Structure formats: C-alpha cells, structure tokens
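The chain contents come next:
There are 2 protein chains.
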Amino acid sequence: MNRFSDYSMHIEKVLRDLTYPGAPLAGLYEPIAYALEAGGKRLRPSLLLMTADAFGANAEAAENAAVGVEMFHNFTLLHDDVMDKSDLRRSRPTVHSKWDENTAILSGDTMLTLATQYVAKVSDSVLRPVLDTFNGMAIRVYEGQRLDMDFETKEQVTLNDYLRMISDKTGALIGGAAKIGALIGGASQKDAELMYQYGEALGLAFQIQDDWLDVFGDSNTFGKPIGGDINNNKKSFLLLTALEAGTPDAEALREAMKLAPGDSKVKIVTRLYERMNVSETCRSAIAQYSKQALKALKGTSLSEETREPFRALLDKLTGRKK
Amino acid sequence: MNRFSDYSMHIEKVLRDLTYPGAPLAGLYEPIAYALEAGGKRLRPSLLLMTADAFGANAEAAENAAVGVEMFHNFTLLHDDVMDKSDLRRSRPTVHSKWDENTAILSGDTMLTLATQYVAKVSDSVLRPVLDTFNGMAIRVYEGQRLDMDFETKEQVTLNDYLRMISDKTGALIGGAAKIGALIGGASQKDAELMYQYGEALGLAFQIQDDWLDVFGDSNTFGKPIGGDINNNKKSFLLLTALEAGTPDAEALREAMKLAPGDSKVKIVTRLYERMNVSETCRSAIAQYSKQALKALKGTSLSEETREPFRALLDKLTGRKK
Chain A
1 MNRFSDYSMH
11 IEKVLRDLTY
21 PGAPLAGLYE
31 PIAYALEAGG
41 KRLRPSLLLM
51 TADAFGANAE
61 AAENAAVGVE
71 MFHNFTLLHD
81 DVMDKSDLRR
91 SRPTVHSKWD
101 ENTAILSGDT
111 MLTLATQYVA
121 KVSDSVLRPV
131 LDTFNGMAIR
141 VYEGQRLDMD
151 FETKEQVTLN
161 DYLRMISDKT
171 GALIGGAAKI
181 GALIGGASQK
191 DAELMYQYGE
201 ALGLAFQIQD
211 DWLDVFGDSN
221 TFGKPIGGDI
231 NNNKKSFLLL
241 TALEAGTPDA
251 EALREAMKLA
261 PGDSKVKIVT
271 RLYERMNVSE
281 TCRSAIAQYS
291 KQALKALKGT
301 SLSEETREPF
311 RALLDKLTGR
321 KK
Chain B
1 MNRFSDYSMH
11 IEKVLRDLTY
21 PGAPLAGLYE
31 PIAYALEAGG
41 KRLRPSLLLM
51 TADAFGANAE
61 AAENAAVGVE
71 MFHNFTLLHD
81 DVMDKSDLRR
91 SRPTVHSKWD
101 ENTAILSGDT
111 MLTLATQYVA
121 KVSDSVLRPV
131 LDTFNGMAIR
141 VYEGQRLDMD
151 FETKEQVTLN
161 DYLRMISDKT
171 GALIGGAAKI
181 GALIGGASQK
191 DAELMYQYGE
201 ALGLAFQIQD
211 DWLDVFGDSN
221 TFGKPIGGDI
231 NNNKKSFLLL
241 TALEAGTPDA
251 EALREAMKLA
261 PGDSKVKIVT
271 RLYERMNVSE
281 TCRSAIAQYS
291 KQALKALKGT
301 SLSEETREPF
311 RALLDKLTGR
321 KK
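Same order as they appear, the protein sequences are chains A and B. End of the first sequence sits at 322 in this note's numbering; the numbers just go up one at a time, nothing left out. End of the second sequence sits at 322 in this note's numbering; the numbers just go up one at a time, nothing left out.
Keep in mind the hints are simulated off the structure, nothing from the lab. These numbers come from a predicted model, not from an experiment. Any given hint could turn out to be false.
Here are the simulated DSSO-like pairs of lysine-lysine, each with C-alpha atoms no more than 30 Å apart in a straight line [claimed, not checked]:
#1 A:98 - B:85
#2 B:121 - A:98
#3 A:85 - B:85
#4 B:154 - A:85
#5 A:190 - B:121
#6 A:154 - B:98
#7 A:154 - B:85
#8 B:13 - A:98
#9 A:234 - B:154
#10 B:121 - A:121
#11 B:13 - B:98
Just need the whole structure built from these sequences, with the hints factored in.
The following block contains the structure:
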C-alpha cells in the first residue's frame with residue numbers, strides 16, 4: 001500500500017496525459033481538457049485507486065475507472081458553475097465565463113458520457129456492479145443538487161434535511177468512488193458496501209469541515225474568500241445548527257441574516273457563532289462521522305496495515321487548520 | 001412482425017406508465033415526466049423494438065432499452081432548447097420556459113443517467129456491446145450538435161460539412177437505436193452493423209426531408225411555422241446546395257440572406273430555390289440515402305418478409321407531402 005498522496009500524484013499524471021480529438025471538434029473538447037487540468041487534490045479518483053489497490057487490483061485495471069469518476073466530478077462542477085453563475089473556480093475563469101454557457105452545457109454533457117465510457121472499461125466480470133454503482137451514485141448527486149437548489153428559497157430547512165442533501169451531493173460520489181475501487185479489486189459485496197459507507201461518512205465529515213472553514217478558515221489555505229456562506233445566507237451546517245438552538249442568540253442570528261452582505265455582516269454572524277459554540281458542534285459532528293467511517297473500515301476484511309492509509313486520509317481531511 | 005405504428009403505440013404506453021420519485025424531489029422529476037409525455041412519433045424507440053423483434057427478441061427484453069433511447073433523445077432536446085433559447089416544442093412550453101434554465105440543465109443531466117440505467121437493463125450477454133453502442137452514439141450526437149453550433153458563425157460551410165454534421169447529430173442516434181435492437185435480438189456483429197447503417201441512412205434521408213419541409217411543407221402537418229430556416233439563414237441542405245451552384249441565382253441568394261427576417265424574405269428565397277430546382281436535388285439526395293438504407297437492409301440475414309416493415313418505414317418517413 002502507498003499513501004494517499006502517491007495515488008493522487010499518479011492520477012494527476014494520468015489525467016495530464018489524456019488526449020482529445022482536435023479540429024473541427026476543438027470547441028467541444030478544449031473546455032473538457034481545461035476543466036480537468038484545474039487540479040485539486042483528486043480525492044475521488046485517488047480514493048478509488050487506493051481502494052482497488054487495498055483489495056488487490058493492479059493500478060492499471062482501476063486507472064480508467066478513476067479517470068471516469070474524476071471526469072464525472074468535473075462535469076458536475078461545470079454544470080453547477082453555470083447554475084450558480086460562478087465566474088471563478090480554483091482562481092481560474094470557469095468554462096462558461098471563458099467560453100460561453102452553451103459550451104459549458106454541451107461539453108459538460110460530453111464529459112458525462114466520457115465518464116461512463118471510462119468507467120465501463122473495467123473487466124466484464126465487474127462491469128454490471130461497477131456501472132450500477134456509478135449510475136446510482138450519479139442519480140444521488142443530481143438529487144442532492146436539486147435539494148440544495150430548493151433550499152435557497154425554502155423557508156424551513158432542518159439540519160436533517162441538510163444532512164440528507166450533503167449525503168447525496170457529496171457523500172454519494174466519494175462513497176461510490178471507494179465502492180467502485182473495491183469492486184475492481186475483487187472485494188466481496190459486503191466489503192464493497194462497507195467501503196461505500198466509509199467514503200460516504202468521510203464525505204459528510206469533509207463537507208461539514210468545509211462549511212466550518214468557510215467561516216473560520218484561512219483564506220490562503222481555503223482557496224476562496226472567507227464568509228461567502230454567511231453573506232449568501234447559505235443554509236450551511238453552522239447556520240442550521242445555530243438556528244435550531246432556539247435561544248435568543250438564534251433569534252439574533254435570524255435578524256442578522258437580513259443584513260446586507262459585507263464585512264460587518266460576516267463579523268456579526270461569526271461573533272454569534274462563537275457565542276453559541278458552533279465550532280464545538282462542528283467538531284463533534286465531524287468526530288461522529290469520522291468514527292462512523294472508521295467503524296465501516298474496521299468491518300471490512302482488510303488488515304490493519306492495509307487500513308492505515310484510509311485512516312490517515314480521514315485525519316488529513318478532517319484535521320482542521322485554523 | 002408488426003407494423004411500425006404498432007411498436008410506436010406500444011412504447012407510448014410504456015412511457016406513459018413510467019413512475020418517478022415524488023416529494024421532495026418533484027422539482028427534479030416532474031420536468032422529466034413532462035418532457036417525455038410530449039409525444040411525437042417515437043421513431044427511435046419504435047425502431048429499436050422493431051429491430052429487436054425482427055432478430056427474435058421478445059418485446060419485454062427490448063422495452064427498457066427503448067425507453068433509454070427515447071429518454072436520451074429527449075435529454076438532448078431539453079438541453080438543445082436551452083442552448084437555442086426555444087420557448088416552444090410541439091406547441092408546448094419547453095422545460096426551461098415552463099420552469100427555468102437551471103431546472104432544464106439538471107433534469108436533463110438526470111435524464112442522461114436514467115437513459116444509461118434503462119439501456120443497461122439488457123441481459124449480461126449483450127451489456128457491453130449495447131453500452132458501447134449507446135455511449136458511442138451519444139458522443140456522435142454531441143459532436144454533431146457542436147458542429148451545428150459552430151456552423152452558425154462559420155463563413156464557409158460546405159455541403160460535405162453539413163452531411164457530416166447531420167450524420168452525427170441525427171443519423172447516429174437512429175442508427176444506434178437500430179443496432180441496439182439488433183444486438184438485443186441476438187443479431188450477428190455484421191447484421192447489427194448493417195442495421196446501424198440502415199438507421200443512419202434513414203436518419204439522413206429524414207433530415208433532408210425535414211429541411212425541405214421547413215421551406216415547402218404545410219405548417220399544419222409539419223408542426224412548426226414554414227420558413228424558420230430561411231429567416232434564420234440556417235445552413236440547411238437546401239441553402240448549402242443552392243450556394244454551391246455558383247450561378248447568378250446563387251449570388252442573388254447570398255444577397256437575399258442579408259434581408260431582415262419576414263414574409264418577404266421567405267418568399268424571395270423560396271422563389272430562388274424554385275428557380276434553382278433545389279427540390280429536385282433534395283428528392284435525389286433522399287432517394288440516394290433511401291437506396292443506401294435499403295442496400296444495408298438487404299445485406300442482413302433477415303427474410304424479405306421481416307424486412308418489409310423497415311422498407312415501409314423508409315417510405316413513410318420520406319414520402320413527402322406538400
């Protein structure tokens with residue numbers, strides 16, 4: 001077994017070496033190459049490779065599926081950016097702002113089919129379960145995105161609604177990547193399912209961490225400006241936790257949401273979060289999901305040594321830096 | 001063997017009986033049900049069912065794949081309508097005008113994965129070739145759409161460019177439907193390929209016919225206003241044929257393209273098409289592709305009797321009514 005960062009470096013190279021048709025179809029494929037070269041930590045494909053390796057597949061067998069999963073992830077980002085009208089992603093212009101919306105829609109569609117093609121390169125013996133996992137995971141991602149969109153205008157969103165939404169939108173894809181890796185590695189149905197649970201719980205912990213960083217993080221390491229969620233009244237884990245407290249501070253928070261976006265609003269809401277100890281609630285939720293992920297991991301037939309990089313990954317993704 | 005209209009009625013009923021998740025996900029699935037209930041002649045799924053039947057599959061085995069192909073077709077219409085900013089389709093508001101653009105994008109994405117799921121319900125023995133055909137066909141459709149988009153702003157588009165574009169955008173999907181049906185019916189690789197060729201040539205004949213109807217059809221039976229292509233200077237089979245003639249009339253046509261949209265422009269261009277005998281060129285191109293389709297059909301191992309409804313379909317789709 002290697003460390004997560006080894007798989008991450010490997011898939012980065014594989015992605016860099018992909019080639020695409022040129023003229024007259026550059027208008028379709030250039031935006032795809034552009035979207036994929038943006039980098040990031042390559043969490044999903046690296047986890048897929050690491051899981052396949054843990055269950056005994058050689059790297060090559062899992063490589064195409066890893067490309068497929070990363071292609072899928074970037075397809076969702078491309079379309080999400082159109083829907084959110086986001087002009088920047090990882091400090092670069094998004095596809096629809098560099099080209100145009102129609103290009104982002106059509107090249108995104110193409111990425112979804114390319115993703116399916118890459119995933120379908122697995123051997124015949126696992127084609128059906130891998131494909132079913134991939135498609136099922138994709139449906140959960142769309143459902144999560146729909147719920148997220150509906151939350152923007154919905155008056156009453158509970159913490160439970162939110163947890164369902166991020167399970168679908170974030171958890172399913174990370175869980176799916178781990179399960180596909182396990183299936184390619186020849187894992188039993190039970191082990192594959194447990195790896196899905198590991199990935200899904202890791203995804204939830206990671207998302208809550210991300211919500212926390214949006215308020216309390218360092219903008220240099222976080223990669224986007226701090227306070228974006230506060231200014232957008234985004235129904236994040238922090239906001240919903242605080243609102244459900246039902247205390248006078250929660251009422252004050254509800255009032256603060258009516259403020260116009262700006263530094264003052266960010267300061268006031270952050271101060272309320274601090275008074276309400278929301279960080280502590282985040283910490284304990286992250287710990288709970290990490291525990292859940294570890295429990296699933298320990299339930300598998302993997303040796304303690306083989307489980308080690310999965311535990312390290314969990315630490316890495318939830319090790320909050322302030 | 002039944003007639004095309006029997007398969008068409010059958011798939012219509014199957015599509016009507018599909019069910020979707022309700023609240024809280026109605027916002028994702030209602031637009032999908034709406035898009036699919038719009039009707040039309042159901043060319044692609046009916047052809048798939050007819051081909052599967054011709055090669056000996058029972059109807060049920062092919063039903064899901066037929067749903068998948070129709071779901072895919074309607075997904076492309078949903079996204080095309082967003083890209084073209086079309087407000088009406090088959091006399092009803094399009095999804096993005098009834099709901100909004102983001103809904104059309106996300107529900108469209110969902111339809112593509114649902115389509116793949118339906119197609120993947122085929123038996124294990126044909127899963128890989130069916131899936132490969134489906135994905136390969138999808139890629140050709142996107143490539144065709146990209147070329148079509150590029151043609152709008154491209155100065156020089158040749159008739160050959162145009163034929164490649166409609167082969168991809170229209171031919172591939174109809175060819176793919178026929179091939180998938182053949183594979184499900186247990187056809188040989190050679191027969192499956194010939195059915196693809198049959199469908200692709202039929203698609204080309206059908207598209208040229210459609211271009212012709214846009215100028216010379218009857219708006220009641222055609223389903224949209226006559227002259228739309230002329231007013232948009234759409235690079236149709238008729239326009240490109242006429243421009244390539246290099247005669248004084250072709251020059252006059254180039255001038256007429258600069259006219260503002262309106263009845264007068266439609267009249268002038270139609271008159272030029274008549275003088276240049278463009279209808280005759282359409283007729284002979286349609287005859288050529290029909291012949292090609294029939295040749296492929298005759299090359300298969302199907303009996304003359306089994307081939308009959310495929311020949312009848314060709315007649316039906318290219319039997320021009322003025």
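> If you draw a straight line from the CA of residue 121 of chain B to the CA of residue 98 of chain A, is it 30 Å or shorter?
Replying inline: Given that 30 Å is the threshold and the Cα spacing comes to 39 Å, the pair is violated.
> Are the Cα positions of residue 13 of chain B and residue 98 of chain B separated by 30 Å at most?
Replying inline: Given that 30 Å is the threshold and the Cα spacing comes to 25 Å, the pair holds.
>> Can you confirm whether the C-alpha distance between residue 154 of chain A and residue 85 of chain B stays at or below 30 Å?
In response: holds (28 Å)
> Between residue 154 of chain B and residue 85 of chain A, does the CA-CA distance stay at or below 30 Å?
Replying inline: holds (28 Å)
> For the pair supplied as a hint, residue 121 of chain B and residue 121 of chain A, is the alpha-carbon distance within the 30 Å limit?
Replying inline: holds (18 Å)
>> For a C-alpha distance cap of 30 Å, please report whether residue 154 of chain A and residue 98 of chain B respect it.
In response: Within the cut-off at roughly 20 Å; holds.
>> Hint check: residue 98 of chain A vs residue 85 of chain B, CA-CA at most 30 Å. Holds or violated?
In response: Within the cut-off at roughly 20 Å; holds.
> Are the Cα positions of residue 190 of chain A and residue 121 of chain B separated by 30 Å at most?
Replying inline: Roughly 23 Å separates the two Cα atoms, so the pair holds.
> Regarding the pair residue 13 of chain B and residue 98 of chain A, is the alpha-carbon distance no greater than 30 Å?
Replying inline: Judged against 30 Å, a Cα distance of about 44 Å means the pair is violated.
> CA of residue 234 of chain A to CA of residue 154 of chain B, is that 30 Å or under?
Replying inline: Violated, at about 43 Å.
> Can the restraint linking residue 85 of chain A and residue 85 of chain B be considered satisfied, given a maximum Cα separation of 30 Å?
Replying inline: Measuring from Cα to Cα gives roughly 17 Å; hence the hint holds.
Going down the numbered hints, you'll see the structure goes against 2, 8 and 9, while the others check out.
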